[in-house]
Amino acid sequence: MPDSSVGQVISWYICTIIPCFFLFLRLFSRWQRFGRLALDDYFLILAACCLIGDLAIQQHMWNLGLGNIGGATQQEFIGIMKMIVPGSVLYVSSLWSIKFALVLFYKKLAAPGSKMQVAYNLALAGLAVTYTTIFFDILFQCYPYDKRWSKDPSYQCSPKASRINYWITILFNIFSDFIIICLPITMVMKLQMKLKQRLAVAFIFALGGFVLIASIVRAVYSWQNETMLTCTVSMVENGVAIIGACLPALRAIFLGQPSTNGNSSYAKHYELSSNQRRNPAARNTTNFTTSTTRGGRSHSVDSDEELVRNMQAHGQAQPYVSAQSSLSDDRDDKAGGIMVATTVDVDHKDQESVVSMQAAHFGAHRV
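For the sequence shown, counting from 1, position 50 maps to 50 in the numbering used here; every step adds exactly one.
No wet-lab data here; the hints were simulated from the structure. Keep in mind the model is a prediction, meaning the values are calculated, not measured. Fair warning: there could be bad hints in the mix.
What the hints assert, rightly or not - In the DSSO-like style, the derived pairs of lysine-lysine whose C-alpha atoms are separated by at most 30 angstroms in a straight line are:
hint: 1; residue 1: Lys160; residue 2: Lys147
hint: 2; residue 1: Lys151; residue 2: Lys82
hint: 3; residue 1: Lys107; residue 2: Lys194
hint: 4; residue 1: Lys82; residue 2: Lys147
hint: 5; residue 1: Lys194; residue 2: Lys108
hint: 6; residue 1: Lys115; residue 2: Lys194
hint: 7; residue 1: Lys160; residue 2: Lys82
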């Protein structure tokens, strides 16, 4: 086999292992913080599984002589052609799963009921329609499948059907990539973030642009019937797309945990504890944990959820409050949704002092 094809096969594995590592970090981070996975996580898991399956198929095709298809025997050629349909399905499924994951994530940045929410719902519907169209076109553009390796000129795949499949896949892929990149730009540009966080967001969008370029390059190689290069660029395209989809959830790992400063209008956390907590032998202990939320939602800090908080800090989200115990009155609710939640862990022997401290603490927040 030519040395160049060996290098391309190695790149297939690199483009599979590295994205799977990033996905593992994303899933580990989410599970550690929330104890559950979101819908976009499952789409990325599906994308990674399809990518691994596509790698296995391409490796099998290479073993049969894909790197030098002109020198393959008839039996090897038939084996290669049999892998075209499953390989194409896995490639498209992986790519569209990533697109779904990205749109679902961006949808969380938009305020409920806003025009952007409608736009993202339309984008999801568009992805579903385009994927279904491509999927069935791959299955039935050349059927029965033995037409792909038939030597009978009257019993072969229609060149017109192949061109239709080519243009459908390429145009839907490139157009959807462009839409997914453009949709969230107006929201992200409004975020107030530190320079390194802005650079991180810019890098994520740059990866999206790279995926778009990879889609165009793949289209060129596919048109030229460069099968090995088409397979290689496909792996690069999917691998980079998975990494780009994982990066928002990994901002805390690479940039440090986003801090909530005193200026934040979204969430502030206060902790009060009696000095007796320091003494393990003390029986009368008191602990207050108060969360003050202004027109937002209380969450544990997560990297991609920080983007959601930044958007809501600009007044794009509707007030939403939840607490174990709410001590705010009607005037607080009408003024702007200021809520104080207090969790009390006390020994029953000193309830009066606890009530006094709680009243003083609540009064300080009402000033």
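Hint by hint, here is what the structure shows:
1. Under the criterion of a C-alpha separation no larger than 30 angstroms, the hint pairing Lys160 with Lys147 is consistent with the structure, at around 14 angstroms.
2. Between the alpha carbons of Lys151 and Lys82 the distance comes to roughly 15 angstroms, so the proposed pair stays at or under 30 angstroms and holds.
3. A C-alpha spacing of about 23 angstroms is found between Lys107 and Lys194, which places the hinted pair at or below 30 angstroms, so the restraint holds.
4. Taking the CA atoms of Lys82 and Lys147, the gap is about 10 angstroms. The hint holds against a cut of 30 angstroms.
5. Restraint check for Lys194 and Lys108: satisfied, since their Cα atoms lie roughly 21 angstroms apart, inside the 30 angstroms limit.
6. Distance hint between Lys115 and Lys194 is fulfilled; the C-alpha atoms sit about 28 angstroms from each other, no more than 30 angstroms.
7. The suggested pairing of Lys160 with Lys82 holds, with an alpha-carbon distance near 20 angstroms, which does not exceed 30 angstroms.
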